[in-house]
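4 protein chains.
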Amino acid sequence: MRKLNAAVVGATGIAGQQFLAALDGHPLFEVTAVAASQRSAGKHYLDAIRTPAGAVQWFCRESLPESCIGLRVEDAAAFDSTQVDIVFAALESEAARELEPRYARHVPVISTASAFRMEGDVPILVPGVNPGHIPLIRSMQQRRGWKGFVAPNPNCTAVGLVITLAPLQEAFGIRSVLVTSMQAVSGAGRAPGVVGLDIIDNVVPHISKEEAKVEAETRKVLGTLTDAGIAPAEFPVSATCTRVPVLEGHTECVNVSLRRPARPAEVKEAFVSFGREFTELRHHSSPRRMITVLEDTFRPQPRLDRDNEDGMTTTVGRLRECPVLPDGIKYVLVSHNTRMGAAKGAVLMAEELIRQGYIP
Amino acid sequence: MRKLNAAVVGATGIAGQQFLAALDGHPLFEVTAVAASQRSAGKHYLDAIRTPAGAVQWFCRESLPESCIGLRVEDAAAFDSTQVDIVFAALESEAARELEPRYARHVPVISTASAFRMEGDVPILVPGVNPGHIPLIRSMQQRRGWKGFVAPNPNCTAVGLVITLAPLQEAFGIRSVLVTSMQAVSGAGRAPGVVGLDIIDNVVPHISKEEAKVEAETRKVLGTLTDAGIAPAEFPVSATCTRVPVLEGHTECVNVSLRRPARPAEVKEAFVSFGREFTELRHHSSPRRMITVLEDTFRPQPRLDRDNEDGMTTTVGRLRECPVLPDGIKYVLVSHNTRMGAAKGAVLMAEELIRQGYIP
Amino acid sequence: MRKLNAAVVGATGIAGQQFLAALDGHPLFEVTAVAASQRSAGKHYLDAIRTPAGAVQWFCRESLPESCIGLRVEDAAAFDSTQVDIVFAALESEAARELEPRYARHVPVISTASAFRMEGDVPILVPGVNPGHIPLIRSMQQRRGWKGFVAPNPNCTAVGLVITLAPLQEAFGIRSVLVTSMQAVSGAGRAPGVVGLDIIDNVVPHISKEEAKVEAETRKVLGTLTDAGIAPAEFPVSATCTRVPVLEGHTECVNVSLRRPARPAEVKEAFVSFGREFTELRHHSSPRRMITVLEDTFRPQPRLDRDNEDGMTTTVGRLRECPVLPDGIKYVLVSHNTRMGAAKGAVLMAEELIRQGYIP
Amino acid sequence: MRKLNAAVVGATGIAGQQFLAALDGHPLFEVTAVAASQRSAGKHYLDAIRTPAGAVQWFCRESLPESCIGLRVEDAAAFDSTQVDIVFAALESEAARELEPRYARHVPVISTASAFRMEGDVPILVPGVNPGHIPLIRSMQQRRGWKGFVAPNPNCTAVGLVITLAPLQEAFGIRSVLVTSMQAVSGAGRAPGVVGLDIIDNVVPHISKEEAKVEAETRKVLGTLTDAGIAPAEFPVSATCTRVPVLEGHTECVNVSLRRPARPAEVKEAFVSFGREFTELRHHSSPRRMITVLEDTFRPQPRLDRDNEDGMTTTVGRLRECPVLPDGIKYVLVSHNTRMGAAKGAVLMAEELIRQGYIP
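Residue numbers (the working numbering), protein chains in the order written: chain A, 3 to 362; chain B, 3 to 362; chain C, 3 to 362; chain D, 3 to 362.
It does not matter which identical chain is meant; a pair holds if it fits inside one copy or across any two.
Derived pair list, reagent style SDA-like, types lysine to any residue, alpha-carbon separation capped at 20 Å:
1) Lys5 x Ala35
2) Lys211 x Thr53
3) Lys211 x Leu321
4) Lys211 x Arg322
5) Lys211 x Ala55
6) Lys5 x Arg284
7) Lys270 x Leu321
8) Lys211 x Val58
9) Lys211 x Thr299
10) Lys45 x Trp60
If you are wondering where the hints come from, they were derived from the structure by calculation, not from laboratory data.
So that you can see chain A by itself, here it is in the shape it has in the complex (with noise of 0.2 Å):
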């Protein structure tokens, strides 16, 4: 099968650097076009992300691949979707909610960015988690007169939430969630990103629309398809969202009311083996196992535990009961959130979607 033309847009920041890395080597896609904000078009990709210092701005622990150095940045704005067969988004909201409809005219569009995840006929995709939405794309082709669509995957935070959630939600039904978060600064990206001022030596209690993020796209992800589009799920979510000085990896500290009574080694039964059906399928990016669960009662720590599996599972750890919640359980997870959290989890989705014949 010869690979798909692929398009990065949104290139020269850090989830677009995320695509570049994932898609790098990969055997179904190709990278053919990279574009970005009016600045950067019409300069080699390399001269791009250079600061006007010299310094080369690459972000990923992989090395820049060869293949993107050469290619010409086009202007996001201008981007021909046409000459592709598939965008890969990582563009800031505003401009995502210009920018995508566009290019899913003509191609799928997968998307880090938040503008169309509380759409009515956009299904929020993680990999292995809510394949039952994934029909919801027909309709919105079929709504929107689109040949693509939009496939958004939810909030980082929110993904390593889902996917553990998702295994409990099945086996015991869930009845409302708690959930702490200690988030890295990588979340924030660089432009201007957390300030080292701000950040070292200290926890900031906020991040700016966080929580309800994290609520909403929960509730949504863990939702069921119906003719009048995903209802979400009933149980409420709290969300609390704090940035810590970690670099990459959110934790997350996670309370959950079960609707029927579970002991510890029943839910640790439930997380090892969630997603077994999903990851038999060997996509190229995905983990041999959704979930990850440590024994040692320290773990899972960010640095320790977010590169697990190249940062494709969720590690979870402390697993115990909740003595407050009804039938409660707690644990602790770390997600790595541009990772699993962002381009290689949008990558992982579209590997499925091409499986399942939504791509191209």
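Chain A is already provided as a structure; the job is to place chains B, C and D on it using the hints.
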């Protein structure tokens, strides 16, 4: 009034040094004796806190009190408490279990150790929070045949929690409490404390025994003194305690289910007006307000707010409704773990016990 | 004596705020005007430093001065300096180049900007270090036809360096200087400042233009005023400037080749006795000692020593011989980059200029 | 060829674990024995590195080698080295002084300890840097009557330094060296290591005994083997060693006075071409380039460059002239202190000693 002669036991560690700093220039107490482990015994205080390489290990922001420099350190295990009017004890739990009763036979022992906190006839006293528990001291004295007593403060993480729960309990009643803490490294002391290699760019999601202490001590402090001792508060508490790369100041994300509904404005009013009778006593170590409420949605932050009122006020922000708990509210607090949360809070308690005639 | 009316220009940034804090309650100055960029013009000061999300961006340890809260921010570009007696300017270099001369036509301008530092008729003044350069102000006024003048302080890294080099130059002569700095993130300000993602768990071995400034300004400050202007000191300076994950306080490792041999004890004596005539003037913002020498071999440390004497003394330690440089010594210094190294140092300079009759 | 049986002594500490990681899957060595202090003796390795609370204290990025999990830890003090072909020793200096000679009586001991570095008949070997010192091993064996030998690597800070000085010495000659290091906390190990409370938001300007080691070992490594042993290099070295809040990777700011003038481009060429004969041997643990030169003026940075070539290359940047030293140049280097700077560098040395017939 002549000052009371005070001993600081465990005087070389962080908490002991905080006692010395809090007592420096104090109008009611004069530190006339310091004691520590046998290793330090016989040395002048300044030499006792010097490393072999010559570095002076003094950890407080305040200068090392001149008056302490020349004091000869006594062996805590052999310390004769009859030579002082009061002992401020900052011992490890095991040493406290053995030594505090010996001291208490003769004089009051104000303690930061956990050893006696859960004894039936020992109150855990928090200034301004549970004055009703103070009379239990008399039972302790009678039952144990002591002239003095042991008055432990709670675990540092429980301190900020009970200070903010007390007004809620009084005004609205409490059904349940969930708390996730992000604790500073100073809480672990220095030997060995938290190793830099473990905490830089990281969160450690567990602190040994901490959660059980926070849960049990919170309920005891907010319980009711009966003839049979203190009946713990009936509401359950669920704690998740984590360590973050912050030097001082514990941050706590708190969710509370109230017994009767309250709007955030009412809750704020309860916070703001809490403890006025106590603060109006204008004790030497007292904050002007027990609780400081900030409207800025990005506050409280440990680095910016730990030193509010010299670390003696508890700073609260992000007050809002919790969509999960019945009549639920949530907020974030910052409490200075080595000021109000440890030695200086204990000194403030001693000031109140003097006023009430329990000391000397 | 009535207080002088002072304007703080660039009042919303870090350095401007430091000016406001340093001038709060000052016996000689009353802040009667604040100015900033057009974006802030017309707002009350408190509103000008509020983010869209409502957070008050006040960065000093001191409280926001009550007297500033209600001042209406003027447009720096249109600010009429005749309404005040003195301007404290904390502008970006480009804005300083344009605006400072306008203000200086009428009144003295005490500046933290680099714009005029290397002009031939402008001295770079450091309190207590180069009083001999002050008369150059008169030439500047005559040559430029200004009633006022521009008096810039040096780059924050040069401040601690020249303060410690001055006594060496005087007592022993200097042949050459090598310095490696480990600079705090606050030196970069906040827009954008140093991004947390760049500096956590890291060292950045370059700061744009910093090394050239340190080298040139150090030689100028320690130069000699001649009829032709200031002849820079003849010794070469070699600087390597790096950024480290420290909030405040620059650390500098200095190697100096002296003109005549000196034992460490003599060097120490030169440090300790330096600037006594100046500190005995007891200016409001003055430290009691220009240089504080610590014997503890693990000091100075930025976190422990930056706030010595409210950040106005330079703390030196690790004084020892350098086996490489002829008659070489080496030492480590910590200097508070946003106190003596910036606004408060500039205010101290203004106090001295009043005493000498240059202001008003 | 059958693999050599190797013992790792001091196997539970950081450096010992780095040995285990570096030897995992190694084509020439098979770890058949592990030894540690008496406290660990008799336990399975996995149990020996478990805390009382159950946490597995494994500190390497690589997984704990499966083959080590079940090895029974022997008592280092009683370890019989005749059962193996080679010992990799990661002992504290005092233990090394006593035990390494016992092992060396029978087999080669590759060591990270400082105990024997300054002995007259012991070379300090750095792969690719001082092959001319290797024959000294024969004198050691004869003089001491050992079948084996002790081959210590240098202090981790000296490693990157000598690797970059060697090509300068060869191409231009060296008159003198000044170095200021910013060292990572992992260099201090874990018991107690650097306490978080000391290093967060801080720089510690002294590391016990480090400067003397860097100065003396650098001169010895770059010295000349004569009949009377190794004559240290004649140039003086002046080191200032500091600790910064960085996890891994030492940064060093180096100033070198050359014997003959060299333009930066020539120096760069010397760096780039250094060690080609050695790297072309393609030893299992070898980097492809001994030195990697970066043009980006903001590099090298420890977080971004420590892992270049799996931590085995020394990354250099900011190469420029030094205006102070005669024919002076300066540069910044980053060297991975626990890879090339410790165990894995020692393993690479062992690979070369096999090739040259010194092992077994």
